[in-house]
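For chain C, the structure is supplied; the task is to place chain R on it using the hints.
Each chain, letter by letter, is given below.
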Amino acid sequence: MGFTLFTPWAGLAGGILIGLSAVILMAGAGRIAGCSGIFRGLLTLDFSSEFVWRAIFIIGLIAGAAAAGPFAANAQNVEFVGTPGLVIGGVLVGFGTALAHGCTSGHGICGLARFSPRSLVAVITFMLAAIITVFITRHVIGA
Amino acid sequence: MQRVFILIAGMIFGIGLAVSGMINPAKVLSFLDLAGHWDATLLFVMGGGMLTAMLGYHFVLKRKAPLFADKFYLPTSKDIDLRLIGGSALFGIGWGVSGFCPGPAVASLAYGHWQSILFVVAMGAGALLAKSISLLTDA
Numbered sequence: 001m002g003f004t005l006f007t008p009w010a011g012l013a014g015g016i017l018i019g020l021s022a023v024i025l026m027a028g029a030g031r032i033a034g035c036s037g038i039f040r041g042l043l044t045l046d047f048s049s050e051f052v053w054r055a056i057f058i059i060g061l062i063a064g065a066a067a068a069g070p071f072a073a074n075a076q077n078v079e080f081v082g083t084p085g086l087v088i089g090g091v092l093v094g095f096g097t098a099l100a101h102g103c104t105s106g107h108g109i110c111g112l113a114r115f116s117p118r119s120l121v122a123v124i125t126f127m128l129a130a131i132i133t134v135f136i137t138r139h140v141i142g143a
Numbered sequence: 144m145q146r147v148f149i150l151i152a153g154m155i156f157g158i159g160l161a162v163s164g165m166i167n168p169a170k171v172l173s174f175l176d177l178a179g180h181w182d183a184t185l186l187f188v189m190g191g192g193m194l195t196a197m198l199g200y201h202f203v204l205k206r207k208a209p210l211f212a213d214k215f216y217l218p219t220s221k222d223i224d225l226r227l228i229g230g231s232a233l234f235g236i237g238w239g240v241s242g243f244c245p246g247p248a249v250a251s252l253a254y255g256h257w258q259s260i261l262f263v264v265a266m267g268a269g270a271l272l273a274k275s276i277s278l279l280t281d282a
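Residue numbers (our numbering), protein chains in the order written: chain C, 1 to 143; chain R, 144 to 282.
Extracted from the complex, chain C is given alone in its bound form (with noise of 0.2 Å):
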């Protein structure tokens, strides 16, 4: 996997855009943009008014990303780890946020946001799991 460029610009509207995403969300329908409670509110395909909304949350989230990725140039050349940690990954990230009840937009963004002592706790416990992570399989094993 190669290295990639330092972009603070693209990065900052990104942000800004998600941010408010979170703020049209919260103003609209009075929700917080948590992407991982609105993927696990998918699971259920109980097609209740809470499944209802998520899915066009999710509808709109595949559309954007659709729509801007021939001209974001950060979209471009995306790469992925091997099939054994994309399995590993994934269902890590379905568990614990489950039990976590977020992730880096929920507690990240919405969270921080509304100053959540929870949230804080969260995103300090998973940014510091996931640099050692990367520590250990970039320089300890993949050394």
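Just so you know, the hints here were simulated from the structure itself, not pulled from any lab data.
The C-beta atom is built at its ideal place from N, Cα and C for all residues, glycine as well.
Incorrect hints may have been included.
[Stated by the list, open to error] Covered stretches of chain C, going by a simulated chain R footprint (3 or more residues, C-beta under 8 Å):
id, segment
1, 75-89
2, 111-119
[Unchecked claim] Listing some non-contacts, in silico: residues in chain C with all C-beta distances to chain R over 10 Å:
id, residue
3, Phe47
4, Ser48
5, Phe51
Just chain R, lined up with the frame of chain C:
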């Protein structure tokens, strides 16, 4: 009208993930790799997103109710417990292994790579596993 707002919010989120490059696992892993060729972009994404949401919430949450719903659905739990910390640690390990967190993983389905589909299926399995364990322990 509520549904239009939700769709627009989802689309802007997806555009933000593509523009910021968070949709690319390699870029996220470059941020997490402090000892490697460090790419600090994620810091600007989180910072920009958090400050924008902070400012917006400040005004929105002063209202009695959202524009098109009866109330604000805000998390009520205040517990800092093993579930929160253990769950966040497992999520962090999974994020570090794959470079994907839930939003970018789902959004990246837009590009039709099998890797995105595999990850999202595994993530669904992990969530369902957590749900079944919660049902057992809470019973």
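Coverage claim, chain R over the segment 75-89 of chain C, checked by counting residues with Cβ within 8 Å (three needed) = holds (count 12)
Take the segment 111-119 of chain C, compare each residue's beta carbon with every beta carbon of chain R, and decide whether three or more fall closer than 8 Å.
-> Coverage by chain R holds for the segment 111-119 of chain C (7 residues, Cβ < 8 Å).
Least C-beta distance between serine 48 of chain C and chain R, which was stated to exceed 10 Å | It holds; serine 48 of chain C is separated from chain R by about 14 Å at its closest Cβ, greater than 10 Å.
Is it the case that phenylalanine 51 of chain C keeps its Cβ farther than 10 Å from each residue Cβ in chain R?
-> holds (13 Å)
Per the stated criterion, does the least C-beta distance between phenylalanine 47 of chain C and chain R lie above 10 Å, as a non-interface residue requires?
-> Non-interface label stands for phenylalanine 47 of chain C: nearest chain R Cβ at 14 Å, farther than 10 Å.
The structure fails none of the hints (numbered hints given earlier).
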